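S.K.: Chains G and Z supply the protein sequences, listed in that same order.
The first sequence: position 36 = 36 (this note's numbering), numbered continuously.
The second sequence: position 75 = 75 (this note's numbering), numbered continuously.
Source of the hints: derived by calculation from the structure; they are not laboratory data.
Please read these numbers as outputs of a predicted model, since none were measured by experiment.
Beta carbons: idealized from backbone N, C-alpha and C, even for Gly.
Keep in mind that the hints are not guaranteed to be accurate.
Stated by the list, open to error - Just so you have them, the derived chain G footprint on chain Z, three or more residues with Cβ under 8 Å:
hint, segment
1, 63 to 76
2, 190 to 201
To be verified - Here are the computed lysine to any residue pairs in the SDA-like style, where the Cα-Cα straight-line distance is at most 20 Å:
hint, chain 1, residue 1, chain 2, residue 2
3, Z, 94, Z, 170
4, Z, 94, Z, 163
5, Z, 25, G, 75
6, Z, 25, G, 62
7, Z, 25, G, 44
8, Z, 25, G, 61
9, Z, 25, G, 55
One letter stands for each residue in the lines below.
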Amino acid sequence: MTGQEKQVGSMTTYLIVYVFIMAIAVVQVVFAYQMGPQLPFMLLLAMIQATLAVLFFMHLHRERSTLVLALIPAILFVLFMMNMIWSDSFRLLTMRPFLK
Amino acid sequence: MSDIVLGVENASVMEERPFAISSNKLVMWLFIISDAATFGAFLFVYGYLRNATPDWPAPFQSASIVNALIMSFILITSSLTMLMGVRAARSNNKSSALRWILVTVGAGLLFAILHLREWLGLIGDGLGMSHNPWGSGLFGASFFSITGLHLTHVIGGVIALTVVALGYKRGRYGSDDIEVWSLYWHFVDLVWMFVVPLVYLLNIAH
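In isolation and in its complexed conformation, chain G is listed as follows (with noise of 0.2 Å):
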C-alpha cells in the first residue's frame, strides 16, 4: 500500500463496503415482501449500512478518536431521548374512539 493509499483509503475497502451497502439494500426489498414490515430487523439492516458509511466512506475509523468521542456519543444521546415519545404513540391507540 503506498503512502497515498493511507491517506484516503484502500480502493479495495472502498469497493467491498460499496458492495456490502448495496447486498443490504437489496435484502431489505426481499425481506420487506418475505416478512412484511419487521420495523427492529430493517432498522438494525440500516444501522449496519450507516455504521459502513460513516466508518469507511467518510473515514471515521482514521480520525483521531477524540473526534469521534466528540462526536457520536452525542448524537447517540440525543437520538436515544428521542425514544421516550413510543409509549405516548401506543396510548393513544388504547384511548376512545380506538379501544376495542
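Starting from the structure of chain G, add chain Z where the hints point.
M.R.: For chain Z alone, kept in the frame of chain G given last:
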C-alpha cells in the same frame, strides 16, 4: 502589561489541534451531527404518527419499491464516485477529480429526477399534504416532509459540489475542500439508508 501576539511564527508554542483536522472539516462534522438530529426527529415523528394512527396507509406498489431501490443504487454508487474524486484530488490529478465529481453531480441530478417522478406519480394517484384515498391524511404530510427534506439536501449537495468542482478547476479550492464536501454527500446517502426501509418498505401495498 505586554501584548501577546499570536501568529504563524508562534505555532510551535501553541497547543495542537485536539481533533487533528482542519476547521472546515470540524465544522462540517458538527453540521452533519446536528443535521442527523434533525432527520432523526423527522423520522421519530413519522414513527409516532404511524403508531398512533389506526388507518395508516400502505400505498407503495412494486413500481415504487423498484424505483426506490434504483434510487438507492444511484445514491450509493454516487458515494463511490465521490470517493474516487477525493482520491484523485489527493493525488493532484485534477482532470480525474473533476470527472468523478461531475459524475457524482450527474448521479445526484438523476436521483432528484427519479424522486420528483415518484412524487408526481403519487400526487397523480391522489396523495396530498392532508388527504389521500388510502387512509390517514397525515401520511402525505409526513411523507413529503421527510422525502422533501432529503431531496432538498440532495439538490443542495449537487449545487455545492458543482461550485466546489468549478472552484477546484480554477484553483480557488483545494483537495481538502473536496474532501469536506464529500462528507456532506456521504451523509445524504446515509440518511437515504434510513428513509427507504422506514418510509417505503414498511408501507408496501399487499
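S.K.: Now, for every hint given, state plainly whether the structure supports it.
M.R.: Results of checking the hints against the structure:
1. 63 to 76: holds (count 5)
2. 190 to 201: holds (count 7)
3. 94/Z / 170/Z: holds (10 Å)
4. 94/Z / 163/Z: Judged against 20 Å, a Cα distance of about 15 Å means the pair holds.
5. 25/Z / 75/G: holds (17 Å)
6. 25/Z / 62/G: Answer holds: residue 25/Z to residue 62/G is near 14 Å, not above 20 Å.
7. 25/Z / 44/G: Not satisfied, since the Cα-Cα distance of roughly 29 Å exceeds 20 Å.
8. 25/Z / 61/G: At roughly 15 Å apart (the allowed maximum being 20 Å), residue 61/G and residue 25/Z satisfy the hint.
9. 25/Z / 55/G: holds (16 Å)
The structure is inconsistent with hint 7 alone, although it conforms to all the rest.
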